[in-house]
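**Student:** In the numbering used here, the protein residues as written are 1 to 57.
Read the hints as simulated data drawn from the structure, not as lab findings.
We put the beta carbon where it would ideally sit given N, CA and C, even for glycine.
A couple of the hints might just be wrong.
[What the hints assert, rightly or not] Cβ pair distances, simulated, as ranges:
no. : residue 1 : residue 2 : range
1   : Ala-23    : Leu-50    : 17 to 25 Å
2   : Asp-46    : Val-16    : 16 to 24 Å
3   : Glu-27    : Leu-50    : 18 to 26 Å
4   : Leu-47    : Phe-11    : 14 to 22 Å
5   : Met-1     : Glu-27    : 34 to 42 Å
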Amino acid sequence: MKIILAFLLSFLLSLVIAFLILAFLSEPIREQMYKKKPVHTWSEYDLLGLLIMLYPV
């Protein structure tokens, strides 16, 4: 039971951290998209999200 609870807590914490990072990154990305085409590909962001989600594990 404690293992499941610890896993859920770490998962929720990683989601919160991911949302905070996305909130900080989304503003410059939006500004870049209005000025020019985005340099980064979406696969890089997917890898970043995967890394953040797997961090507690």
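**Student:** Return the numbers of the hints above that this structure violates; sort them in rising order.
**Tutor:** none
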